[in-house]
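If you read the protein sequences in the order shown, they are chains A and B.
Just so we're aligned: 50 in this note's numbering is position 50 of the first sequence, and the numbers increase by one with no gaps anywhere.
Just so we're on the same page, this note's numbering is the position in the second sequence counted from 1, plus 118.
Don't read these hints as lab results, they were simulated from the structure.
Computed from a predicted structure; not experimentally measured.
We put the CB at the ideal spot given by N, CA and C, even for glycine.
Treat the hints loosely; a few may be bogus.
[Said to hold, decoys possible] Across the chosen pairs, the derived CB separations fall in these ranges:
| no. | chain 1 | residue 1 | chain 2 | residue 2 | range |
| --- | --- | --- | --- | --- | --- |
| 1 | A | W73 | B | K595 | 37 to 45 Å |
| 2 | A | P109 | B | N273 | 33 to 41 Å |
| 3 | A | G56 | B | F427 | 34 to 42 Å |
[To be verified] Pairs of lysine-lysine, BS3-like flavour, derived with a Cα cap of 27 Å:
| no. | chain 1 | residue 1 | chain 2 | residue 2 |
| --- | --- | --- | --- | --- |
| 4 | A | K69 | B | K501 |
| 5 | A | K7 | B | K491 |
| 6 | A | K80 | B | K548 |
| 7 | B | K169 | B | K135 |
| 8 | B | K545 | A | K23 |
| 9 | B | K150 | A | K7 |
| 10 | B | K491 | A | K69 |
| 11 | B | K548 | B | K439 |
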Amino acid sequence: MAVTSLKEYIGVPRDTVANFNGKQLVYVSWDHHLLFAAPFLLCIPPQMTFREMVEGPLTALTQPDPDAKNIDWSKVEWMKSNQAWVPNFGASLADNGIGHKDQIRMRTPNLNSLRAAA
Amino acid sequence: MDTQVTKKKLGLKERYKLLTRDLGWETTFHTKDEVYPYVKYEGIKINDWDKWEDPFRLTMDAYWKYQAEKERKFYAIIDAHAQNNGHLNLTDARYLTAIKMFLQAISPGEYAASKGFARMGREFGGVGTQVACQMQALDEIRHAQTQIHAISNYNKYYNGFHAFSDSRDRIWYTSVPRSFFDDAMSAGPFEFMIAIGFSFEYVLTNLLFVPFMSGAAFNGDMATVTFGFSAQSDEARHMTLGLECIKFMLEQDPGNLPIVQRWIDKWFWRGMRILSLVGAMMDYMLPKRVMSWKEAFDIYGVENGGALFNDLARYGIKPPKGWDVAAGAIEHMSHQLFLGLYQWSFGTAFHGWIPSDDDMEWLSAKYPTTFDKYYRPRWEHIKKLEAEGTPFKNYGLAKLCQTCQLPTVFTEPGDPTMMCHRETEYKGEKYHFCSDGCQEIFEHEPEKYLQAWLPMPALFSELNGDIGAWMDWVGLKNGVDNGDYVGSQDQINFDKWRGMATSNKQS
Ligand SMILES: [Fe+2]
Ligand SMILES: [Fe+2]
Chain A
1 MAVTSLKEYI GVPRDTVANF NGKQLVYVSW DHHLLFAAPF LLCIPPQMTF
51 REMVEGPLTA LTQPDPDAKN IDWSKVEWMK SNQAWVPNFG ASLADNGIGH
101 KDQIRMRTPN LNSLRAAA
Chain B
119 MDTQVTKKKL GLKERYKLLT RDLGWETTFH TKDEVYPYVK YEGIKINDWD
169 KWEDPFRLTM DAYWKYQAEK ERKFYAIIDA HAQNNGHLNL TDARYLTAIK
219 MFLQAISPGE YAASKGFARM GREFGGVGTQ VACQMQALDE IRHAQTQIHA
269 ISNYNKYYNG FHAFSDSRDR IWYTSVPRSF FDDAMSAGPF EFMIAIGFSF
319 EYVLTNLLFV PFMSGAAFNG DMATVTFGFS AQSDEARHMT LGLECIKFML
369 EQDPGNLPIV QRWIDKWFWR GMRILSLVGA MMDYMLPKRV MSWKEAFDIY
419 GVENGGALFN DLARYGIKPP KGWDVAAGAI EHMSHQLFLG LYQWSFGTAF
469 HGWIPSDDDM EWLSAKYPTT FDKYYRPRWE HIKKLEAEGT PFKNYGLAKL
519 CQTCQLPTVF TEPGDPTMMC HRETEYKGEK YHFCSDGCQE IFEHEPEKYL
569 QAWLPMPALF SELNGDIGAW MDWVGLKNGV DNGDYVGSQD QINFDKWRGM
619 ATSNKQS
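Just chain B, same shape as in the assembly (with noise of 0.2 Å):
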């Protein structure tokens, strides 16, 4: 009797202390700077590690017990999908492309974000932070699995999923969030924190995850459904993980705002630039829409962002700096990054295609000033292009913005009819950015982004030029991963299926 009461009191704090106390031992045979070599070297100053309190305290084997309930739960759905043929269920396999740049694209960035957080539970000083970052490591890899396991249902049905990791290394698109997720991980352990789990993870999550799940449930996804909703409940950790790091780091020393305002500035920029993919994909991609790409980011940005940054704005920081000019292109970016990856479908592991006129008249709904004005004459264009026999194609490659690695699609602030350009030279080399934002990131740090291995130049200088080689080198199969939808073998195998399912019509 008298054993049970004192385990009683042993609350979660205890408990929660005499799980991590041996990770915040004293060092003897070596100094705390040797064991802990990067926390000083970005300029941060922490006077207190035991400041960063982690809110929830979640024990090991809690942990794994609420995991393995929702890793059960997930698969049991995903085998249901599986086997009564959940794919029939699409609205159209046209729906598939969001899906195969989300695994291309999106799934191998949880995996890096698992390594980037592994790394920072064994940097970071503190026994708060190496926990929660080494759950967070956890949560991340089970997002990647959780998200292949999910996609690889439709790998059996159809074309673009055969070689995702491929695709992730070495195909143009994915360049774009791989360098994002690189450029974090080698940086150090807090401006890591700011870009992943602050503006990531905080800022901009919504405007990818919810875009995405919702998607898919608005055209008859129910694997993705199930991976966003698992990934989701681990969502409240990660958020709060991000901000609890950027209130710490402002707390600890006033020295600090001006160096995590230049992260907040330049991680915003990086992650909307990524964002110009989600924006494509809703406005164009999903056959049955959600919301237009300026809805979401009016909900989701705006409102969102802006009560976070009043809620800041005691610590001094403000809103991030590319903040007006990112508004001011919401009604822009998604039509500028669609046409391109239509001209240049040749080399995506994914289907482009022309905008069905009713596509266009929600297009035009959506964006009432931009969309006839701007866009819709280049596409009826394409559209007399194809009817005469010769559709658009742009062999002309693109070129990269130096430091996000998007073809530079995007035109000036304040001018839609001009291309914006931006160069600059270093050490007599020539640069381009798509952007003042890209610039000024790329200008703090030449010697970091000098090296990007941008993938539209690496075409020519390490295969020559050669398109077949290069298909091969990436996992594309020409002819049938890219090119159009329509007359697509995804498009003729989802509508014969569907009709064996949904009539007598024997194939």
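This is chain A alone, in the form it adopts within the complex (with noise of 0.2 Å):
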């Protein structure tokens, strides 16, 4: 039993990318980059291309973290779905198979500032 009812019950969902205006919500997290306390909400167009994604909002909103300055866009390595994944930078969202609420996740080995103290 899907939710403990009197009889049979179907939820509706809030959040299905229809309410969304064309656009999707998009996670973005930083592994191990806790400045930003929890993965950024974005609401942006399936159409948009990775690079776009990246050059504009995820590069804006990751600045204030000291290592910022420093990642090199090409060897970062990334996750979808906890899963590792290459995206192609050209394609847009959708051909990246991002769909509504997925969650991205990046990761650079070498550029950890604020990590821990030793």
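With the hints as a guide, bring the two chains together.
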């Protein structure tokens, strides 16, 4: 039973992609960079290219971290839904298989200034 | 003379029976199942409702008398506090952040508890249960009212208090306690009793109210201390009701044990998530600290909780499933949440601030193995950004947990450097969680939690991401209610008024 109820009960999800006016939610986080208290919530169109997402909102939002200026985007390791994954920077989010409410993670193995004091 | 003797012989038990006899009638037009339609579907089996004894057997006339007396005392003190500029006795107006959060997030919970107990007073089949729940419903509405009245004095002088009911309904962080009570109220009567009557009132209440009330006492807030005492005197009855209820369920039928255990696991976890707000309050918001969140948890959580679950072990009840994970995160949770409250303070109807050097000294002393290692470097960097004229604001907003609705600020069990990422797919939709505990709650009843109205996604689905429109809608005055405490109207006014009260300085 998917809910304890008197009779069959089907819920209606409140945040399906149809409610976002042609855009979709994408969550992005930067492993070990916990100056940012939670993954960023972006609301962006699926036609946006991966490069546009990186150079636009992601670059702007990561600025406050001391490692931001040293990111070499060609060396960043990516994960999607917690699995290793390689994006195509020139392709759209949709063509990269990034759906509504997908979680993208980035790792920069040698750049972890604020990770933890020794 | 004879009649007087007869009256004396009428003991408390008989009087109680007479007073409640009309609640226990045998139905003739409708079956009991029709009159009490919600007592069976949760799977709890009750063989004899009369086994539920109401240990207080408080009659209604006695109840009115006690409560009226408390109210008289309460309002006398609140009036004196207002007339004597009691607000200038605070250690610092920064303290009021804790009280703004309390009014927006916790007092509405009292009102929700009142609605919930009123409903349960109707749903339960036994007379003792019905009366006890109805009285608690009255207590809870009294708590909500006395809190609102006590805190309303601060609204005359300080920002962030003026729209608490809109905040309660609409602002993002209040959806954490609101969804907690909505979850309980939309459950059946037995789960409600485990959620609110047992887990909240019995297991967690000391971790919620004692820190707020002692924080108030330490920081000169007599208004809050007064409503705290007034409410605390009802707690013995509430705790007894919660404990009676769980013992009753476990004694009635052995098949009830696994259901009750799952509810304990669930509601402990949901409760601990709410308590992260209390942790942030104790460790960061009080100008004069009482004790650390960790110390409070050691006393009220580990010691008291341990004794309680030892006592329940004879029924086969085990400590809540998430206990060890929660205990392992105690030295991190307040730091992780307050860091978030600071960077999103443009969206809170209370102020944020960078902990002072003194604050950080205290935090490293209280959290010797975690604060300097993990959290101080972040604050030192934030201080640097502030000094360079680029104060840190995180306009990325946040991923919220589908179950507890907190931003997913918590880290992996055992690795405080790695954020906890949890997701699941149900009927083709993705859902995200802050923890295994929240994910398990969802997966047990997905049709319930998939309906969650998550405030951050809603900013985009309903208001197209327009932050100004959102602020109007939630009753947040930009530049007044929100942002940094340093330089705020609250700080400037408090310092000015206090100067006038304690020296010859004129405005
Ligand atoms: Fe209460
Ligand atoms: Fe959660």
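Handout entry: Straight-line alpha-carbon gap A/K80 to B/K548, limit 27 Å
Key = 13 Å, holds
Problem - Pairwise hint evaluation, B/K491 against A/K7, where the allowed Cα distance is 27 Å at most - result: Violated. A/K7 to B/K491 sits at ~53 Å, over the 27 Å cutoff.
Handout entry: B/F427 and A/G56 - C-beta distance against the hinted 34 to 42 Å
Key = The hint (34 to 42 Å, Cβ to Cβ) is violated, given that A/G56 and B/F427 are roughly 52 Å apart.
Problem - Cβ distance range 37 to 45 Å for A/W73 and B/K595, holds or violated - result: 40 Å, holds
Exercise for the section: Take the C-beta atom of A/P109 and the C-beta atom of B/N273, compute their distance, and say whether it sits inside 33 to 41 Å. Expected result: 52 Å, violated
Problem - Hinted pair B/K545 and A/K23, Cα distance within 27 Å - result: 21 Å, holds
Practice task
Assess, step by step, whether the Cα of B/K150 is no farther than 27 Å from the Cα of A/K7, and give holds or violated.
Solution key: 19 Å, holds
Problem - 27 Å Cα cutoff - pair B/K169, B/K135 - result: Distance of about 14 Å is within 27 Å: holds.
Problem - Restraint status (C-alpha distance of B/K491 to A/K69 at most 27 Å) - result: 24 Å, holds
Practice task
With a cut-off of 27 Å on the C-alpha distance, tell me whether B/K548 and B/K439 pass.
Solution key: Since the Cα atoms of B/K548 and B/K439 sit roughly 25 Å apart, the hinted pair holds (cutoff 27 Å).
Practice task
Verify the proposed pairing of A/K69 with B/K501, using a straight-line Cα cut of 27 Å.
Solution key: Status holds; Cα separation ~19 Å.
In this structure, the hints that do not hold are numbers 2, 3 and 5, in rising order.
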